[in-house]
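For the record, the sequence lines run as chains A and B. Note that the first sequence covers residues 1 to 264 in this note's numbering. Note that the second sequence covers residues 1001 to 1290 in this note's numbering.
These aren't lab readings, by the way, just hints derived from the structure by calculation. All values reported here derive from a predicted model rather than from experimental measurement. For each residue, glycine too, the CB sits at the ideal point set by N, CA and C. There could be a bad hint or two in this list.
[To be verified] In silico contact screen, one side only, chain B against chain A (beta carbon under 8 Å); selected entries: (1) D1188; (2) Y1189; (3) V1195; (4) L1196; (5) L1198; (6) S1205; (7) K1206; (8) P1210; (9) R1275; (10) A1278; (11) I1280; (12) N1282.
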Amino acid sequence: MTYLSIENVGISFTRNGRTNEVLRDVSVKIARGEFVSLIGHSGCGKSTVLNIVAGLLKASTGVVLLEDKEVNSPGPDRAVVFQNHSLLPWLTVRENVSLAVDKVMKGRKTKAERNEWIDHNLALVNMTHAAERRPNEISGGMKQRVGIARALAMEPKVLLLDEPFGALDALTRAHLQDSLMEIHGRLGNAVIMITHDVDEAVLLSDRIVMMTNGPSATVGEILKVDLERPRRRLELVEDPTYTHARAEVLEFLYARHAKPAVAA
Amino acid sequence: MATTSTIGVTAPGIAAKAAEKAPRAPFITAASLRGMAANLIPPVVVMIAFLVIWELLCSRPGAGLPPPSRVVTEAWDIIVNPFYDNGGTDKGLFWHISASIQRVALGFALATVVGILVGTLIGQSDWAMRGLDPIFQVLRTIPPLAWLPLSLAAFRDGQPSAIFVIFITSIWPIIINTAVGIRNIPQDYRNVSAVLQLNPIEFFSKIMLPSAAPYIFTGLRIGVGLSWLAIVAAEMLIGGVGIGFFIWDAWNSSHISEIIVALVYVGVIGFILDRFVAFIGNLVTRGAAA
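Starting from the given sequences, assemble the full structure and let the hints guide the process.
Right under this line is the structure:
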């Protein structure tokens, strides 16, 4: 029961007559409601995979299928939470979400229903109190919350998260990871998240897709994380399945596919 | 009372002492008065010094320009009575200024609309950029008045010609700044609009304009300044009611004092126009524009 299928996707960029293959033969199948992380060293093309799924980049080879339909342009069924939040600074928190809701839900919901839906999504990420503030008046963690609310408000089939917590401090990050787990548990969207944080990947994911180093990066290994949900970070610290999964990913990243020293 | 003690005091040391000794309640008043005084006193002092030097230099027999005291007495009529209207071009300064402002408003409004649209086109399309930029770079260096004979030939009337001169003068900075603003729209915003599938009109109004607004308003501010520079010169040539014509007419009648009063008006109005556009820019961009 594949929901989203990334099939033999490859992409090359040509610059100054030199062709540079970034991805080759990337294949991942994702089930409905599944949470999948992409992990790998920086520069390995994780974001490129995400952008191809989002439709922001076109694959040179291969195809992405969502419910058996080919994906070839961006759309709200694959909402993206960008690494740097990408909120529009001239709009308030609420207006940022309503830009998405009013565009995507127009015709399906009345104005009153849309307003209710905006409020609902702001409440989901605990941002109701700052609805009338502008992005430069709220903290980095709050901006990411709004970014998540904006993406969720589009009722996406697949939620794409591009290192959503990368720029946040450890405490805020942990807090947002918990919120994200809770929201995912409630809504059951399929999620693809890019990360380079091993703990984050193990804590949140059903499966972890580990990518080899570029050029011509591809899927090195896929690890299933067999942990009960809901997960609690404190209980997991001692859990053998958790520590084992963590060790597997670390082993992949730092022993078998260690980053070449030049690129560091 | 601290309030009264600081009003007349100019030396900061004494004012500070007064503020220190002040009882708690009026303390804020004293400090804010001190701040106001620090901003107000230098320009007032410089202004008085300037007027005194001018008075001294121009009071000698044989001086070419009247001293400020004579300017005020000679031009008293037009200073105290800006609203008179004796028909024809014999009107108060208010009517001349308002005629000039109307021309600028019309020409500048046209330039704003056309400039933002053309700037958007250039900012969006590499082809349009390469095609139009060289032409614009040459055209924008043409002095405003050089367009006047051509526009007189085309429109056969002073009024549209003056408006055209304003238009052509102020449009270049608007086009260029808009294009730069559009080019600098972060890729993130484009991605957001792609995911939301905004259509081109929505993208223009919801992403492009607000994102480029600080740049656009920089262009508008430069543009309105240039317009005001150009209108005075253009009106000297086309005649009719207008502050430029008023100055030229005063010169022909050797009313030097009236020219000086008119120049003060021109300067103040230019300043107000500039601040007005900056104010609108601040409102629209919520403080992001310069």
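Checked hints:
no. : hint  : in the structure
1   : D1188 : holds (4 Å)
2   : Y1189 : holds (7 Å)
3   : V1195 : holds (5 Å)
4   : L1196 : holds (5 Å)
5   : L1198 : holds (7 Å)
6   : S1205 : violated (11 Å)
7   : K1206 : holds (7 Å)
8   : P1210 : holds (4 Å)
9   : R1275 : violated (22 Å)
10  : A1278 : violated (17 Å)
11  : I1280 : violated (15 Å)
12  : N1282 : violated (13 Å)
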